[in-house]
Structure formats: structure tokens, C-alpha cells
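A.B. asks: Since the structure of chain Z is provided, determine the placement of chain X on it from the hints.
Protein sequences appear in the order of chains Z and X. For the first sequence, position 48 matches number 47 in numbering that gives the first Met the number 0, and the numbering has no gaps at all. For the second sequence, position 28 matches number 27 in numbering that gives the first Met the number 0, and the numbering has no gaps at all.
Rather than coming from a laboratory, the hints here were simulated on the basis of the structure. Idealized CB from N, CA, C, for every residue including glycine. One thing to keep in mind: the hints can contain errors.
Straight-line distance between alpha carbons at most 25 Å, and here's what the computed DSS-like set of lysine-lysine pairs gives [claimed, not checked]:
id, chain 1, residue 1, chain 2, residue 2
1, X, K40, Z, K55
2, Z, K117, X, K40
3, Z, K55, X, K51
Derived list of chain Z stretches under chain X, where covered just means 3 residues or more per stretch with a C-beta under 8 Å from a C-beta of chain X [to be verified]:
id, region
4, 51-63
5, 70-77
6, 101-113
7, 202-209
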Amino acid sequence: MKNRLCICISLLAFSLLCSCVPKSTKLQEFPGVYEEQPLSIIILPPMNESTAADAKEYYSTTIQEPLAYTGYYTFPYPITTEILKMEGIYDSELLKDLPVDKFKEYFGADAVLFTTIKKWDLAYMVIASNLTVSIDCSLRSTATNQELWKYNGTVVVDLSGGNTGGGVAGLIAKAIVTAVTTAMADYVPYARQANARALFSLPYGKYHPQFNKDQDVEFIDQTPEE
Amino acid sequence: MKKSVLIFGAALICAFLIVGCVPKQIYYFGNYSSTLYALEKDNNEAAMVAHKQELEKIIAESAKRNLQVPPGINAELGFMYVKENQPDKAISLFQAEAALYPESTLLMQRLVQMAEKKKSEPQDTLSATEATPSQN
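So here's chain Z without its partners, still in its complex pose (with noise of 0.2 Å):
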């Protein structure tokens, strides 16, 4: 009962809190994006800085869907990525120092995406323990080499919860962590929820049905606070 109450206070105090945010749309957080009109996109291999080593190869299957259903044509990642190896640049570092109009010229993309890894790592505290997973996205144009969009997918999830003490929500909680800790802690689930976050905020592209009527919508930051 008690639980109830503070859930419907922090409810009151978040929409009190919403209502006084300045609200703003994807039109004043990314106009270039509509002044360019990217219809293509080239995905490049993530940049990681996290501390697992194979967070790169197990991200980049997650974004070309997702980015797809945005309404943008993405090249096919396992031949672009294959075509820069063959080039010999497949470290990522060595690409964000190339000129993004290259990408023009080689592959016809009017933008690049790159990715940054923050985070893909578990927390273990003495009573909780956090899995995160946080990448960056910045979408540069290849003709203006300007950023059109930028945004932080991250997800947290509280791995704990062995002893909320009993009730519903305990015993959901045990089961989760049961599920997760038997799948050897899978982080690409939570990886296609941080994008699915991003991409949330990035404008429709031309084979959405929202292409171009998407200004007016509200621009949302659901990255947690660190």
C-alpha cells in the first residue's frame, strides 16, 4: 500500500516536472535533417569503448533493421563493411578520420552513421548489480559533412531484486533475473531497445509514411541521468 502511494507521488512529481520542460520538436533539435533530406544511409562498424571485446561485432547486427523501419535505405552493412576490409579499414578510428564525402563517391550514401559503444558491461554491487548498455549515434551528411542528428540509446536494467521481500513484484523480479542469468547475460536485446530509443527521435525518411510530416513531433531525451 505503501509502495502505492510513493509510485502515485513520483507519478504526480514526474508529470508536474514534464509539464514545466520547455517542450521542443524534431524540427528545432535536427533541421538538418530536412533541409538535406538523406535518403540513404551507410552504417559504419560501431567505435567501442566499452570494455568487452566482442560488444562490436554483436552490435552491429542490431541497427540496420531498426534503421530500415526509420524509413531510410540502408546499404547492406555485411557487404559495406566487408568492402572497407578489403580496402583495409575496418578499425573503426581509421574511419572517422576519413572524409565523409568518400562515402559519397565509393557508395552513393548521402549520410553516414557512426556508432559509439559506451557502455556494454554488468555492475555488480553488494545488493544490486546493473547491466547497461549505451551507444551514441551521430548521423553526418556526406555532402555537408555537418551532423544532422545525434542522440545516446541507453539502457539500464536492474539485475537485482532477489530479495524485494515477497508479493507479485518480488517474485516477478526473482524470475527475471533467473531468465537473464540463464542467458549467459545476452546484451543484444537490450541493445535493440537502446536503438529503438534513438531512433525514436531521428525524423522519418522517405520510405515512411511520416516522411516530411514528422516536424511537429515532440522531440523526447529518455536518456537516463547518470
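C.D. replies: Here is chain X on its own, set in the frame of chain Z:
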């Protein structure tokens, strides 16, 4: 009798409401991300076959559902055919990609050239494996 008509009507209204609410899917992607992830994770023949079958399924299923094949799928399957030394199949898939998505034309032209080159090469398997860039 009347009651059943009423129920039927209500069901119809419900169906319309549901259809109206659900945003129309623009693509059918099947299990693309999962099989690609498995391929990356296991990097073996079985995962490769599974991913190829998934690409074929996506193309067939998209046609069945009257949807455009998602970006990159035709090309990715074509790329697999290049590696399997079936350049003709590859070329028609690259052309299909370019026809669906004009944005891909430049890259598809390059891939068609690559496949054509393969065609003029001797067909023995040894040179084919040499020409194929190493996995990984």
C-alpha cells in the same frame, strides 16, 4: 438469431478498430537480426546456411504480403551467391535491389562488375576460394 448478428457486428467493429490502430508494417524482416547475430556469434557453416535461408524467406514472404523487399536483403543474398560462385544469380539480385531502391544504384553497379569479373575467371574452385576475401 438476432443475438448472433449483434455479436458479429460487434466483432466487426472491434476488428476495424484494431486494424485502424495498428500502424502498417512497411517491411517484413522475419528473423533477420537473429540469424545475422547467430552468424556473427558462431561464424560457422550452419549459421551461414540459416541466414541465407532467412534472406530467401524474407524475399518470398514480402512478395506474399505484397510488401517491398527490405533495403539490402536482395543485395546481401546476391553477395552470398558471388561467394558461392554463382555470378548470374548474384547479378539479377543486385539488379533487383537497384530497381527497388534507386539510392543503391552506384553500389549495385560496383557489385555487378565484381560478379562479372568472377564470371570471366576460371571456374575451378581453388581460384574461387582465393578470390573470396577471408571470413572475418
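A.B. asks: Give a verdict on every hint.
C.D. replies: Here is how each hint holds up against the structure:
no., hint, verdict
1, X/K40 - Z/K55, "11 Å, holds"
2, Z/K117 - X/K40, "21 Å, holds"
3, Z/K55 - X/K51, "22 Å, holds"
4, 51-63, "holds (count 6)"
5, 70-77, "holds (count 8)"
6, 101-113, "holds (count 4)"
7, 202-209, "holds (count 3)"
Violated hints are absent here; each numbered hint is respected by the structure.
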